[in-house]
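Residue numbers (this note's numbering), protein chains in the order written: chain A, 19 to 133; chain B, 2 to 112.
If you're looking for bench data, these hints aren't it; they were derived computationally from the structure.
On a predicted model such as this, the values are computed, not experimentally measured, just so you know.
It cannot be assumed that every hint is accurate.
Calculated cross-link-like contacts (lysine to any residue; reagent style SDA-like; alpha-carbon spacing at most 20 Å) [unchecked claim]: (1) A:Lys98 with A:Arg129; (2) B:Lys99 with A:Asn120; (3) A:Lys98 with A:Val30; (4) A:Lys98 with A:Asn81; (5) B:Lys99 with A:Asn50; (6) B:Lys99 with A:Gly72; (7) B:Lys99 with A:Gly61; (8) B:Lys99 with A:Ser47; (9) B:Lys99 with A:Gln63; (10) B:Lys99 with A:Glu121; (11) B:Lys99 with A:Gln91; (12) B:Lys99 with A:Asn48; (13) B:Lys82 with B:Arg60; (14) B:Lys99 with A:Arg60; (15) B:Lys99 with A:Ser76; (16) A:Lys97 with A:Arg129; (17) B:Lys99 with A:Arg86; (18) B:Lys82 with A:Gly59; (19) B:Lys99 with A:Ser68; (20) B:Lys99 with B:Tyr25; (21) A:Lys97 with A:Ile74; (22) B:Lys99 with A:Ser85.
Across the chosen pairs, the derived CB separations fall in these ranges [claimed, not checked]: (23) A:Glu40 with B:Gly42: 16 to 22 Å; (24) A:Val69 with B:Ala104: 24 to 30 Å; (25) B:Glu10 with A:Ser76: 30 to 36 Å; (26) B:His39 with A:Gln88: 27 to 33 Å; (27) B:Glu10 with A:Glu40: 33 to 39 Å.
Virtual Cβ for every residue (Gly too), placed ideally from N, Cα, C.
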Amino acid sequence: SQTIHQWPATLVQPVGSPLSLECTVEGTSNPNLYWYRQAAGRGLQLLFYSVGIGQISSEVPQNLSASRPQDRQFILSSKKLLLSDSGFYLCAWSPIHTSSYNEQFFGPGTRLTVL
Amino acid sequence: GQSLEQPSEVTAVEGAIVQINCTYQTSGFYGLSWYQQHDGGAPTFLSYNALDGLEETGRFSSFLSRSDSYGYLLLQELQMKDSASYFCAVMSRDSWGKLQFGAGTQVVVTP
Numbered sequence: 019s020q021t022i023h024q025w026p027a028t029l030v031q032p033v034g035s036p037l038s039l040e041c042t043v044e045g046t047s048n049p050n051l052y053w054y055r056q057a058a059g060r061g062l063q064l065l066f067y068s069v070g071i072g073q074i075s076s077e078v079p080q081n082l083s084a085s086r087p088q089d090r091q092f093i094l095s096s097k098k099l100l101l102s103d104s105g106f107y108l109c110a111w112s113p114i115h116t117s118s119y120n121e122q123f124f125g126p127g128t129r130l131t132v133l
Numbered sequence: 002g003q004s005l006e007q008p009s010e011v012t013a014v015e016g017a018i019v020q021i022n023c024t025y026q027t028s029g030f031y032g033l034s035w036y037q038q039h040d041g042g043a044p045t046f047l048s049y050n051a052l053d054g055l056e057e058t059g060r061f062s063s064f065l066s067r068s069d070s071y072g073y074l075l076l077q078e079l080q081m082k083d084s085a086s087y088f089c090a091v092m093s094r095d096s097w098g099k100l101q102f103g104a105g106t107q108v109v110v111t112p
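Could you build all of it, start to finish, from the sequences and the hints given here?
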């Protein structure tokens, strides 16, 4: 069966500090991978989307970046965090042969607070 | 562009029926999905509609009318554990492989 891991679960960082969040998927090959951010009480905002190693689509211009160094590893980074980067970060995957069904499977999330 | 609208909150008592509406505006529409998210947790998939009509999965049903750009999620025999946020999400030809999520509807179930 497939599983998706995210870490850390919670993170408190000062403004201007760097960020690295990691997501790994097990039990599947060539998944589509996604990074979302969710503000408190709000919907999911798609940040990055990847269909393969080194292939990243940025959905929202901001000071975040993403990388996919391995097939089942997706990393979200920032060089200098802003207060507005606070939120709940969710990684998700879907099967490579995406149909209109496109069921996405979410990781447990990282709650980031920037002070 | 794409937009989705759903109510922000619905309150109901245990055993009742709740309908969460979702209207969308999107070009190249393919299908409408529903996800459930408990407070502090990850979203989980509930249902999907690509064609007009009703899809039933246990106590939950989802409906789609493509001509009206409208769908709903029906929660029957409400239980306390159904207290959560529910999101509709659209898949479109213009953004293949990606979902556009609504802002979510918080369902509060009271005893």
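Worksheet entry | Broken hints, by number | Those not satisfied: there are none.
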